[in-house]
Amino acid sequence: MSARSEILARIRAGLSDVPAGSAPDGDVPVPWEYGRAGALPAGVDVLELFVERCRDYKAVVERVAADGVPAAVVRHLTEAGVASVVLPAGLDEAWRDAVVAAGVEVLGDEPLLSAAALDAVGGVVTGARVGIAETGTIVLDHAPDQGRRALTLVPDLHLCVIGAEQVVSDVPEAVALLRASIEAGRPLTWVSGPSATSDIELQRVEGVHGPRTLIILLREVS
Amino acid sequence: MTTTVGKDLGERATSGSGATSGTAHKRLTPAPPPGKLEDSPAFPAAAKRELGNTQQRDNLLRATATIRAKRAARAAEVDQWEELRVAAAAIKDRAHRHLADYLEQAEANLTRAGAHVHWARDAAEANQIVVDLVCQTGVHEVVKVKSMVTQETELNEALEAAGIAAWETDLAELIVQLGHDRPSHVLVPAIHRNRSEIRDIFVKEMGLYGQAAPEGISDQPAELAAAARRHLRDKFLRAEVGISGGNFIVADTGSLVIVESEGNGRMCLTLPKTLISVVGIEKVVPTFEDLEVFMRLLPRSSTGERMNPYTSMWTGVTPGDGPQDVHVVLVDNGRTNALADPAGRQTLRCIRCSACMNTCPVYAQVGGHAYGSVYPGPIGICLTPLLRGLDRPIDRSLPYACTLCGACTEVCPVKIEFPDLIVQLRRRVAESKQAERRPHLETTAMAGGRFVFARGSRFGLVGYVTGLAGRVLAPRRTFGRHLPWPASLWTRARDLPVPPKRSFRHWWKGAGR
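From first to last, the protein sequence lines stand for chains A and B.
At position 182 of the first sequence (counting the first as 1) the number is 182 in the numbering used here, and the numbers step up by one without a gap.
At position 203 of the second sequence (counting the first as 1) the number is 1203 in the numbering used here, and the numbers step up by one without a gap.
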C-alpha cells in the first residue's frame, strides 16, 4: 500500500466516532462571523490608526497628497542615500520619471535580476494590495506594481506607496479582499515593520535579513 | 569568505559516497550532542540535571517573564479574544474530524498549482523523500526555515549523512546549530542562552562555516543580529534548495503559510530554485478565510506582537516568481495515533505558539532539554507520548512533569484542556504498567490504598498506627531527606511530614470535641 493510501486509511480508521458522510460544517459548527470590520479606538480614524501602528513597529510613515507622491518618493530615497533602485514594471510612470530625473540609478527586473544583482541595489519602490490599520501591516500580492517577491526582500530599503482607500480596519477585512489575489495564483507577503527578531533574550531588535528600512507613503486623495 | 565550506564540499565530492559513517567522515555542519532524544533519561533525572545549570535557569526565568507580559498585553487589546479562541478550536476540530477529505482537497489544489505532493508515514520516510529530492538537484547544501517537524524527524542529520549540508537560518536555530546544541523551546529554540553566551558561540564557530563574526563584536543583540545577517547572506544568495515547514495548509486553495520575523523565511521561500516544504498532516485548515482567526491569535500568543514582521502565503508554483520546482511532504509520524485518541485529538489543534511553555512553572525552572523531545512544556508532555507511544522511560514520565495548575489552558489560543488530558495520560501510563504484570511501585501503592480505603476498620487501624508513629517521632515535623528506598523516591525532592499524633477519625469520635 502506498504511503498516501496508508495514511488516509489510518485517518479514517481513527475517526470512527465521526458519523460517516456528515458534512463538516454541520458536524462542527464554527461560531464566528467572517470578514467583519474591526472596532476602532474612540476618536481615531482608520488612517490615523494605520499610521500609528506602522510607526509603532519602526516603519517610517508619511501621509502624502496624491500629486505629491513623486516628489516624496524622491525625497525619501535621497535622504536615505540610496544610489540605485529597482522599480517593478507596473509602477506609476510619474514616480519612475521623478526618480530618473533625480539622478538615482533605476534598474528594471526584465530580464530577471540575479540575487547578487539585487543585493547590490540600494532600494525598491512598490505599491501594495491592502493595508491593515490594527496591526500596522501592508500586504503585497506581487501584482505588476509590486514586482516579484525577491524585489522587496533583498534590497535593504523598501519604499511602499499605499492608497488611503486600500487601508482596512483589521485582519478579517483584509483576508476577505485577499482571496481574489490567492485565487489568481498570486503569492502574498504580509509586512509589519522592517525585519526584526526577538530571539536574543526575547528583546525585539529591528534589522535582520529583510529590508532594514521600511518607508510607507500613505497616498491620500487630493 | 566561504572557502571552508567549499573545500569541505570538494573533498566530499571526490571521496565517494561510502564515507557517511565512522570517523573518516568529516562533518559539513556543526555536530549536535550525541545520542537520540527519545533515549533521554526519565523526566525527574533529566530535570535534576538541568536544575544544576543556574545560568540557564536565570536566562529562562527572565525570558519567560518578558514574553508572558507581552502576550498578556496583546491578548488584552482584543475584545473578541475569547470568541477567537473558541472559533480557532472549532476550525481545527472541524479540519481534524474530516481530515482525510481536507488533505485530499489540499493535495488536488496543490497539484493543480504545480506543486508535487509526497506522503510520509514516519520520520525515516519523510527524511528519505527530502534526501532523494535534494540529491536529484545535484546540490550539496540547503537553507532551512525554522521548522518543528524537521526537528522532530531529525532531517538535518539525515541530510548530513547523505553529504548534504543543511544550514539553519532562523537566528535562534543558528545559535543552536553553531552551539552544537539542541532546541529547548518551540518558538525561540535558544531561549536558554543569554547574549554573552551567544556572542561566544558566534565568535568561536561562525568562521568555521562561513563569514566569521566581526572582530571585537559585543554582546548587544543588534550587533549579534547584524553578524547573523552577514554570516547567512552568502548562503541565501547562492542557495538552490530551500526547506521549510508550514504553519498552515489551506485546503480550499492549496496555499501554504509561513509566519516569521527575520526575513530568513522569505529568503528560503523565494530565492532557491527548489522548495521542499515538510508539513504535518494536522496543519490543514479548511478555508482561506479561516486564516483571519489564526493570524489574529498566533502572533499575539507567540511573540506578543500585534503582527509578526513577515508572513508568506503561496500556492504551488508562481511563474516568474520564486522556486519553480515546489514540493510538499505531508507527514504522519504518529499524528494518526493522536487523532485516533478521542482525548488526545485536541493536541493536534496546537499552532506551536509556545504560550503554554512560557506560562508553565515547571518549564520555567527546568527548561526544554529535560523533556527528551523537541516539544517541551505542557504541549510536549501531552503530544510526545501520543506521537511516540508509552514504551520508553522518558515518554512514560512526561505526563507527570506537571503540577496540574492549569495556567497553560488559560493562555492556549486553541483551548487545549491540558490538565484533563494530562490526568488521562497518567491513567494510561498506570494501565500500561499494570498490563506488563511486573511490580511497579506506584501501582503497588495504589493497590495498598484501595485495600485500606475499602473498609472503615482497616482505615481506622491505619489511623491508629500512624498516630502511634506521630507520638514516637514528635516533636519532629518531617522525616528528613535520608529515608531508605522506596521512601527516598519521595524524600529526595520533597518533605514527608510526620503523621499527627491523633487521626481526624479519632478526634471526631469524641476526644477532641
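Be careful, since some hints might not be right.
[As the list claims (entries may be wrong)] When the alpha-carbon atoms are kept at most 20 Å apart in a straight line, the in silico EDC-like pairs for lysine to aspartate or glutamate are as follows:
1. Lys1070/B to Asp27/A
2. Lys1415/B to Asp27/A
3. Lys1273/B to Glu1215/B
4. Lys1036/B to Asp1122/B
5. Lys1026/B to Glu1205/B
6. Lys1070/B to Asp109/A
7. Lys1273/B to Glu52/A
8. Lys1070/B to Glu206/A
Because the hints were derived from the structure by calculation, they are not lab data.
**Report entry** Violations among the numbered hints
**Finding:** 1, 3, 6 and 7
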